[in-house]
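Peer 1: Here is how the chains run, residue by residue.
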Amino acid sequence: MKAKFLVPLFLFLGLAGFLAFGLTLNPREVPSPLIDKPAPAFTLARVDDPAQQFSLADMRGKVWLLNVWASWCVACRQEHPVLVDLAHRNLVPVVGLNYKEVRGDGQLDARGMALDAETGLAVERARRWLGEHGNPYMLSVLDIDGRVGIDFGVYGVPETFLIDGNGKIRYKHIGPITPENLQQVILPKVEEVRRAG
Amino acid sequence: MPADRILLHPRALRVLARAGALAAMLWLAPAQAVDAPPAGEIAPTVAADPRLEADVQELAHKLRCLVCQNQSIAESNAPLALDLRNQVREQLAAGRSKQDVVDYLVARYGDFVLYEPPVKGITLLLWGGPAALLLAGIGWLAYRVRRRAVESAALTALSEAEHARAQALLAGGAPGDAPPSSANRESRS
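Chain order of the listed sequences is A and B. According to my numbering, the first sequence is numbered sequentially starting from 2. According to my numbering, the second sequence is numbered sequentially starting from 1312.
There's no promise every hint is true.
What the hints assert, rightly or not - Calculated pairs, DSSO-like style, for lysine-lysine (alpha carbon to alpha carbon, straight line, at most 27 Å):
1) K173/A / K190/A
2) K1409/B / K38/A
3) K1431/B / K38/A
4) K190/A / K169/A
5) K5/A / K169/A
6) K169/A / K38/A
7) K169/A / K63/A
8) K173/A / K63/A
9) K190/A / K63/A
10) K1373/B / K38/A
11) K1373/B / K173/A
12) K1373/B / K1431/B
13) K1409/B / K1373/B
14) K63/A / K38/A
15) K38/A / K190/A
16) K169/A / K1431/B
17) K3/A / K1373/B
18) K1431/B / K1409/B
These aren't lab readings, by the way, just hints derived from the structure by calculation.
With the sequences and hints as input, model every part of the structure.
Peer 2: Quick look at the structure:
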């Protein structure tokens, strides 16, 4: 009872503690509700051969990464060497989801463009970019209108999903992958998922 | 004072005027953004049926844009907000209910897309917190009021000796052990 005057101090310290914890959180990282849920099924045209389709079911039984990218995405350039390095080490297959290659580019007006023309342009741009920066992907698919992106809850590029052999999303990385992210979080997760399933 | 000079400088005044105009524009912007996007932006698609469009707008105002997190998807001009608005419009046009559309978006982006968080285990504190604080405050107040009443009752109640002395004073007697009055004390010092 004698230390009653200390009560406001402790209340303040408690509040300050909560606020300090809040400062360490990143409000841009919205937790995905899709973790541990089946990845949304999709079938999309491939960048290397748009006549061929690739679907989620093709990866059944494999642990793999789905990396969302686009040639207009600046942060993708930052993470790209990390993916190229990962591909050289042959640790885990990475499938590229090319997100709104044409209509996502703010410097381009894709209005009124026919879908065929847009697909053609997207293929050309994606290939050119992969030619310039290296292609770490097992293959890339074209999400022309971003619909598959919405199904995956993509709200920015790049994003990366870890998908297990049963087609479940096990982890989501938001933003560019740094070498540290890869070594300390993603690769251990890949190992964990492989052991589990 | 340099600050005064800067303020009175005509160029500074022009800058201030421009800032004021900008502030006014920003203030008006949300209304404009919905009605008439600036040239060069992708014109919003609008459903032909005005009632459907009203539903789309109503729903879009309740959904949070994930790119500009402090705007709803109705207010934001981010490409993703546009895509999501189109999704809302398409699905409502296809005859789905508003709840279906909300569920569709929550399944992909989580409760984060809702400006009004649902009541469930993790949000209980959020929803119940203010009421709990109010009740705690009322309880504390009641406790304090009651305790003060008890304390003041104890203060005003006279012991038997005090009672006897009060009786004596009222009877006009001059009790020998009366404490010196304040007037006496003052005159002595």
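Peer 1: It remains to establish, for every hint, whether it holds in the given structure.
Peer 2: Comparing the hints with the structure gives:
Pair hint K173/A plus K190/A holds up; C-alpha atoms about 11 Å apart against a cutoff of 27 Å. With a CA separation close to 24 Å, the supplied pair K1409/B and K38/A stays within the 27 Å bound. Distance check on the hinted pair: K1431/B and K38/A sit about 20 Å apart at the alpha-carbon level, within 27 Å; holds. Distance hint between K190/A and K169/A is fulfilled; the C-alpha atoms sit about 13 Å from each other, no more than 27 Å.
A hinted pair counts as satisfied when its Cα atoms are at most 27 Å apart, and K5/A with K169/A does not qualify at roughly 54 Å. A distance of roughly 5 Å separates the Cα atoms of K169/A and K38/A; the hinted pair therefore holds under the 27 Å criterion. For the given pair, K169/A sits about 11 Å from K63/A by alpha-carbon distance, which is consistent with the 27 Å threshold. Between the alpha carbons of K173/A and K63/A the distance comes to roughly 17 Å, so the proposed pair stays at or under 27 Å and holds.
Between K190/A and K63/A the alpha-carbon distance is near 14 Å, which keeps this suggested pair within the 27 Å criterion. For the given pair, K1373/B sits about 26 Å from K38/A by alpha-carbon distance, which is consistent with the 27 Å threshold. Our distance criterion of 27 Å between C-alpha atoms is met by K1373/B and K173/A, whose separation comes to about 26 Å. About 19 Å separates the Cα atoms of K1373/B and K1431/B, which keeps this hinted pair within 27 Å; it holds.
Of the pairs offered as hints, the one joining K1409/B and K1373/B holds, with about 11 Å between alpha carbons and a cut-off of 27 Å not exceeded. Distance hint between K63/A and K38/A is fulfilled; the C-alpha atoms sit about 16 Å from each other, no more than 27 Å. For the given pair, K38/A sits about 16 Å from K190/A by alpha-carbon distance, which is consistent with the 27 Å threshold. Between K169/A and K1431/B, the direct Cα distance comes to roughly 25 Å. Compliance with the 27 Å bound is thereby established for this hinted pair.
For the hint linking K3/A to K1373/B, the alpha-carbon distance of about 51 Å lies beyond 27 Å, and the restraint is violated. Restraint check for K1431/B and K1409/B: the C-alpha separation of about 20 Å stays at or below 27 Å, so the hint holds.
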